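Asks: Below, each chain spelled out in residue letters.
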Amino acid sequence: MTNALKNKQKDALVIGAGIAGLQAALDCADQGKNVVVVERSPSIGGAMIGLSKVFPTLDCASCITTPRMASAIHHPNIETLTFTEVLSVEKTETGFRAHVRKKPRHIREQDCIGCKRCEEACPVFVPDEFEHGLGARKAISIPFTNAIPQYPVLDIGNCMACGACAKICPTQCIDFLQKPEEFDIEAGTVIVATGFAVTAMDAKKQYGEGKLPNVISPLQAERLLAPHGPYGRVLRPSDGKIPSSIAYVQCAGSRDKSIGVPYCSRVCCMYAIKQAMLLSGSLPIADITIYYMDIRAFGKGYEQFYQNAKAMGIMFVKAKVGRIREDADHNPILRIERQEDLCRVEEVTHDLVVLSNGMLPGFDVTRFGITTASDGFAALPREKAHPEQTSSDGIFSAGTACGPKDIVDTVVEASAAAMAAANYLRQRGIHGQP
Amino acid sequence: MDSPKVGIYVCHCGGNISDVIDVKDVVAKAGLLTGVALAKEYPFMCSDPGQGMIVDDIRSGKIDRVVVAACSPTLHELTFRNALIRAGLNPYLFEHINIREQVSWVHKSDKAGATAKAIRLIAAGVAKVAIQDPLENLTVDAVQGVAVIGGGIAGMQTALALSASGFQVSLIEKTPNLGGKLLSLDTLYPDGEKAADFLSPLCEAVFKDVNIAVHCSCEVEEITGFVGNFKLRISNGSEFAAGAIIMATGYENYQPKSAEMGFGSFPGVITLPMLHEILKKHKNAEGNAGFMVDGRPIHKVAFVHCIGSRQAEGVNEPQADGKVNDYCSRVCCTAALHAIRELTAGFPNIRVFDIYQDIRTYGRGHEEIYEKVADSGTIFFRYEQATPPVVADGTVTVQDVLTWNEKLEIPADLIVLATGMMPQPIQKLVEQLRLPRGSDRFLQEAHPKLRPVEIANNGIFLAGTCQGPMDIKESSAAAFAAASKAAALLGKGKISLDPFVARVNSSLCDGCKACLAECSYPGAITLIESSKGFVAKVTGALCKGCGACAAVCPHRAIEIAGWGLDQFDAMVDALVAEEA
Numbered sequence: 000m001t002n003a004l005k006n007k008q009k010d011a012l013v014i015g016a017g018i019a020g021l022q023a024a025l026d027c028a029d030q031g032k033n034v035v036v037v038e039r040s041p042s043i044g045g046a047m048i049g050l051s052k053v054f055p056t057l058d059c060a061s062c063i064t065t066p067r068m069a070s071a072i073h074h075p076n077i078e079t080l081t082f083t084e085v086l087s088v089e090k091t092e093t094g095f096r097a098h099v100r101k102k103p104r105h106i107r108e109q110d111c112i113g114c115k116r117c118e119e120a121c122p123v124f125v126p127d128e129f130e131h132g133l134g135a136r137k138a139i140s141i142p143f144t145n146a147i148p149q150y151p152v153l154d155i156g157n158c159m160a161c162g163a164c165a166k167i168c169p170t171q172c173i174d175f176l177q178k179p180e181e182f183d184i185e186a187g188t189v190i191v192a193t194g195f196a197v198t199a200m201d202a203k204k205q206y207g208e209g210k211l212p213n214v215i216s217p218l219q220a221e222r223l224l225a226p227h228g229p230y231g232r233v234l235r236p237s238d239g240k241i242p243s244s245i246a247y248v249q250c251a252g253s254r255d256k257s258i259g260v261p262y263c264s265r266v267c268c269m270y271a272i273k274q275a276m277l278l279s280g281s282l283p284i285a286d287i288t289i290y291y292m293d294i295r296a297f298g299k300g301y302e303q304f305y306q307n308a309k310a311m312g313i314m315f316v317k318a319k320v321g322r323i324r325e326d327a328d329h330n331p332i333l334r335i336e337r338q339e340d341l342c343r344v345e346e347v348t349h350d351l352v353v354l355s356n357g358m359l360p361g362f363d364v365t366r367f368g369i370t371t372a373s374d375g376f377a378a379l380p381r382e383k384a385h386p387e388q389t390s391s392d393g394i395f396s397a398g399t400a401c402g403p404k405d406i407v408d409t410v411v412e413a414s415a416a417a418m419a420a421a422n423y424l425r426q427r428g429i430h431g432q433p
Numbered sequence: 000m001d002s003p004k005v006g007i008y009v010c011h012c013g014g015n016i017s018d019v020i021d022v023k024d025v026v027a028k029a030g031l032l033t034g035v036a037l038a039k040e041y042p043f044m045c046s047d048p049g050q051g052m053i054v055d056d057i058r059s060g061k062i063d064r065v066v067v068a069a070c071s072p073t074l075h076e077l078t079f080r081n082a083l084i085r086a087g088l089n090p091y092l093f094e095h096i097n098i099r100e101q102v103s104w105v106h107k108s109d110k111a112g113a114t115a116k117a118i119r120l121i122a123a124g125v126a127k128v129a130i131q132d133p134l135e136n137l138t139v140d141a142v143q144g145v146a147v148i149g150g151g152i153a154g155m156q157t158a159l160a161l162s163a164s165g166f167q168v169s170l171i172e173k174t175p176n177l178g179g180k181l182l183s184l185d186t187l188y189p190d191g192e193k194a195a196d197f198l199s200p201l202c203e204a205v206f207k208d209v210n211i212a213v214h215c216s217c218e219v220e221e222i223t224g225f226v227g228n229f230k231l232r233i234s235n236g237s238e239f240a241a242g243a244i245i246m247a248t249g250y251e252n253y254q255p256k257s258a259e260m261g262f263g264s265f266p267g268v269i270t271l272p273m274l275h276e277i278l279k280k281h282k283n284a285e286g287n288a289g290f291m292v293d294g295r296p297i298h299k300v301a302f303v304h305c306i307g308s309r310q311a312e313g314v315n316e317p318q319a320d321g322k323v324n325d326y327c328s329r330v331c332c333t334a335a336l337h338a339i340r341e342l343t344a345g346f347p348n349i350r351v352f353d354i355y356q357d358i359r360t361y362g363r364g365h366e367e368i369y370e371k372v373a374d375s376g377t378i379f380f381r382y383e384q385a386t387p388p389v390v391a392d393g394t395v396t397v398q399d400v401l402t403w404n405e406k407l408e409i410p411a412d413l414i415v416l417a418t419g420m421m422p423q424p425i426q427k428l429v430e431q432l433r434l435p436r437g438s439d440r441f442l443q444e445a446h447p448k449l450r451p452v453e454i455a456n457n458g459i460f461l462a463g464t465c466q467g468p469m470d471i472k473e474s475s476a477a478a479f480a481a482a483s484k485a486a487a488l489l490g491k492g493k494i495s496l497d498p499f500v501a502r503v504n505s506s507l508c509d510g511c512k513a514c515l516a517e518c519s520y521p522g523a524i525t526l527i528e529s530s531k532g533f534v535a536k537v538t539g540a541l542c543k544g545c546g547a548c549a550a551v552c553p554h555r556a557i558e559i560a561g562w563g564l565d566q567f568d569a570m571v572d573a574l575v576a577e578e579a
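If you read the protein sequences in the order shown, they are chains A and B.
The opening position of the first sequence corresponds to residue 0 in numbering that gives the first Met the number 0, with each subsequent residue numbered one higher.
The opening position of the second sequence corresponds to residue 0 in numbering that gives the first Met the number 0, with each subsequent residue numbered one higher.
No lab work stands behind these hints, which were simulated from the structure alone.
Here the structure is a predicted model, which means the values were calculated and not measured.
Watch out, some of these pointers could steer you wrong.
Unchecked claim - DSSO-like mimics (lysine-lysine), calculated; alpha carbons at most 27 Å apart, straight line:
(1) Lys7/A - Lys102/A
(2) Lys102/A - Lys204/A
(3) Lys107/B - Lys39/B
(4) Lys116/B - Lys180/B
(5) Lys299/B - Lys115/A
(6) Lys371/B - Lys319/A
(7) Lys279/B - Lys427/B
(8) Lys256/B - Lys383/A
(9) Lys512/B - Lys493/B
(10) Lys7/A - Lys491/B
(11) Lys406/B - Lys230/B
(12) Lys309/A - Lys23/B
(13) Lys173/B - Lys383/A
(14) Lys256/A - Lys371/B
(15) Lys204/A - Lys319/A
(16) Lys309/A - Lys406/B
(17) Lys230/B - Lys536/B
(18) Lys230/B - Lys299/B
(19) Lys240/A - Lys210/A
(20) Lys383/A - Lys207/B
(21) Lys383/A - Lys279/B
(22) Lys383/A - Lys322/B
(23) Lys240/A - Lys107/B
(24) Lys406/B - Lys319/A
(25) Lys543/B - Lys512/B
(26) Lys240/A - Lys256/A
(27) Lys4/B - Lys23/B
(28) Lys491/B - Lys512/B
(29) Lys4/B - Lys173/B
(30) Lys116/B - Lys28/B
(31) Lys383/A - Lys371/B
(32) Lys299/B - Lys371/B
(33) Lys23/B - Lys115/A
(34) Lys383/A - Lys116/B
(35) Lys115/A - Lys39/B
(36) Lys256/B - Lys280/B
(37) Lys536/B - Lys493/B
(38) Lys180/B - Lys427/B
(39) Lys493/B - Lys543/B
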């Protein structure tokens, strides 16, 4: 991979290289279209590559994401640009022109051999984004073990310019002065697969404003449970204690007008149940409680998964959590209103609490010349007949860019978007070369 | 043949393997095996740098055969075969050894034993790959046409997408009309569009499309052939070839059993699909003042959710096959609430009671329907799976967990059962095509995330509710995804198939027909006349490589390419060898 594309005239531009973007790119490429995938992070793989295991099959997430990553990167019809952001998309006579900015990694990619010596030599530790702050990375580092491409990023904001990396690099590829590069890509059609963001830990002030150390996000919980996670086992952040009582607060970032997210985020019930199952596997004597409004186990095999979790002893309590504070030992105390049986208000203490945060749009897609709906996700004006068609003819959307959804639904939509994109190209006389 | 140079690569799987197996010891001992040129370990062999190691070692001439010891081959065998192709080596000079599922995961408490087992399995892999000959994929011509079975929303959408993609489509529908279940709906959620307004332009587009041959009132009589060239005969006598088949056979509404929830016992108990029909007619009737069902004015309506869905053994009566419907039907919550919204919009004086387990309004715009219904005065009661509501004439008794588990008697002059989905009975197709089904009886995809619209059978794809409950939007997406897979499969004009099929050594074959008798795949083995009499011949595209023939052949004359009898001998020898 070099700084520029081999060819800047493409059949399809896919924005985002998470599972939606990768699948859409593969489906387009398998139909003979030339595709460029542009990803703003340093690696492809999106949110999925950071997950532990996935519901309802409990497959290891790495094990089913890496084949897609590897197939995309090696596909003869696909080129991938990472650490590159699409700034704008405009319609042209022949299709679309995207203006992109390649951010500086501060290494010369064509010379880097991914040997990691710079990372080993770097003396600066900073919180690791891939571990959601639970671990540390170096100021120059490859983002995670199975990242593609295996190039480090020199995080210039945290670099103390000691030069250790430059001294040890066997190919002298460190470039402290590297500048961003901007250029245009022409494409016949565009697929928007920009994914989601997660509601903030302080979105709901009553839940500790993100300041309670033992109230963690679901993505942090994913890392705690991942086979190669930050601690290699499940420990709570404040004191490293093995938690024996863990609670999930459902709808902590969804179905709540007070935080501006009135919609259901679709995945939180299932990821909470999945994490609860994995936790009860790694901590067999721990009590795990899920406080919920409705359990929305609607997908194929999901209801059965939920019933299995109940049978395993995971406690499901229909209750709304009003407030979370902590005691002197940082044990979170939940003030809950039970909505069943005695229907009373009570306070319960747990060792560790996971806020089941919801999904927000991951990117401002209006930059691409398409409109958003009231929920902020890409609008789909004819969603029943064309669940992949955005407000702009020739621009399609897949995955969580057009609303919260799980991996199964995302992958299906991605293939659907690719079909629509291929047919759009065909209508305009671009047949590709199968 | 030069003596083989095998490269061994042991994956840590980020600790999944290396936490149990001593990978350094494995590499040291496996490196000493006969024929092994090098042995290495790496945290993620499937990652790009992991694959890069293999490619570099092949290109630099250090190795000419590869063994990777990692996860299950179902996950990454193809990944590594592709790496061999990139390096310019025949992709079948590769052996994938599973030391994760079959070793580290199952022998967590015996690290030394796990390590020893991993070494033996690798030794067997080395012995096998050392005598492997390069194999070539089979190639078959792809007919540029697709048969779509089912003319509902999924079938029509698939047909339109494939036609736009340049394929000839045969759309087979068993009823007289296109449209499937949409024909019986009144308005559609989430936007309230009239079903007919949504459906007619789609039907029109299908009928007008010169690439789509519509066969209504037709059923499939017979399907033979294989991927790229299926032959179909349908009940109107037409016969045609298709490169791929799309299953879009849809669902049927769950039919409550006699007296289930008072259905059939009391006139006021109907299903949600019956309500749709009533609403449709009602709106067409002119000058009606109130909501009438069977001539009775209706004032209070109770909706009961999860009828035929989320069933539990011991609580619900099993279905005909002895199993309960333990799955969620996904669409009924929103569909029921949408019906309430439509009903109360048309007849504001109707009181509505909604009796549910969980309200699953997950989709975009669905929560708003729920909210609107709740705000407009519908009262919700929540029951638990173990204590379902009891229906009597004019009342529903529910043990409501939201109000201290009180037993509440709810008066209702109409009780609507939100019934779930069951797959269409397609037993004949399932048998003819050997289609895989899940325990929920819906057709079973090959992998929910990696291959969500594909099945184990080559060239057959799933679209819509034959696979599981979906709404219209989701069926459309599944239809386009299935079309995408079919277009990619057929688009090149040729299809490449795995080479692991039976092959005959005619010099050893005496034409005894033992293999022919054992073969389960019609046409895969035939007898042909040769200079020495009759000998067996294999048609590769029809052979599934099951090996039944190899097992019965008395002369070792037939075997599976890539799984030769000599290779099995070598593997067994390696597995039971004295430790070096």
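Asks: So, for every hint listed, does it hold in this structure?
Replies: The hints, checked one at a time:
1. Lys7/A - Lys102/A: holds (18 Å)
2. Lys102/A - Lys204/A: This hinted pair is violated, its Cα atoms lying about 35 Å apart.
3. Lys107/B - Lys39/B: holds (23 Å)
4. Lys116/B - Lys180/B: violated (55 Å)
5. Lys299/B - Lys115/A: Measuring from Cα to Cα gives roughly 71 Å; hence the hint is violated.
6. Lys371/B - Lys319/A: holds (21 Å)
7. Lys279/B - Lys427/B: Measuring from Cα to Cα gives roughly 34 Å; hence the hint is violated.
8. Lys256/B - Lys383/A: violated (32 Å)
9. Lys512/B - Lys493/B: violated (32 Å)
10. Lys7/A - Lys491/B: It holds: about 25 Å lies between the C-alpha atoms, which stays within 27 Å.
11. Lys406/B - Lys230/B: violated (60 Å)
12. Lys309/A - Lys23/B: Violated. Lys309/A to Lys23/B sits at ~41 Å, over the 27 Å cutoff.
13. Lys173/B - Lys383/A: holds (24 Å)
14. Lys256/A - Lys371/B: This hinted pair holds, its Cα atoms lying about 14 Å apart.
15. Lys204/A - Lys319/A: Holds, at about 15 Å.
16. Lys309/A - Lys406/B: holds (24 Å)
17. Lys230/B - Lys536/B: holds (22 Å)
18. Lys230/B - Lys299/B: violated (55 Å)
19. Lys240/A - Lys210/A: holds (18 Å)
20. Lys383/A - Lys207/B: holds (21 Å)
21. Lys383/A - Lys279/B: holds (20 Å)
22. Lys383/A - Lys322/B: violated (33 Å)
23. Lys240/A - Lys107/B: The given pair, whose Cα atoms are some 24 Å apart, holds under the 27 Å limit.
24. Lys406/B - Lys319/A: holds (23 Å)
25. Lys543/B - Lys512/B: Within the cut-off at roughly 18 Å; holds.
26. Lys240/A - Lys256/A: violated (35 Å)
27. Lys4/B - Lys23/B: Holds, at roughly 21 Å.
28. Lys491/B - Lys512/B: Roughly 37 Å separates the two Cα atoms, so the pair is violated.
29. Lys4/B - Lys173/B: violated (59 Å)
30. Lys116/B - Lys28/B: holds (12 Å)
31. Lys383/A - Lys371/B: Within the cut-off at roughly 21 Å; holds.
32. Lys299/B - Lys371/B: Holds. Lys299/B to Lys371/B sits at ~18 Å (cutoff 27 Å).
33. Lys23/B - Lys115/A: holds (21 Å)
34. Lys383/A - Lys116/B: violated (54 Å)
35. Lys115/A - Lys39/B: Holds - the C-alpha atoms of Lys39/B and Lys115/A are around 18 Å apart, at most 27 Å.
36. Lys256/B - Lys280/B: holds (26 Å)
37. Lys536/B - Lys493/B: Holds, at roughly 23 Å.
38. Lys180/B - Lys427/B: Since the Cα atoms of Lys180/B and Lys427/B sit roughly 21 Å apart, the hinted pair holds (cutoff 27 Å).
39. Lys493/B - Lys543/B: holds (19 Å)
The structure fails to meet hints 2, 4, 5, 7, 8, 9, 11, 12, 18, 22, 26, 28, 29 and 34 from the earlier list, while all remaining hints are met.
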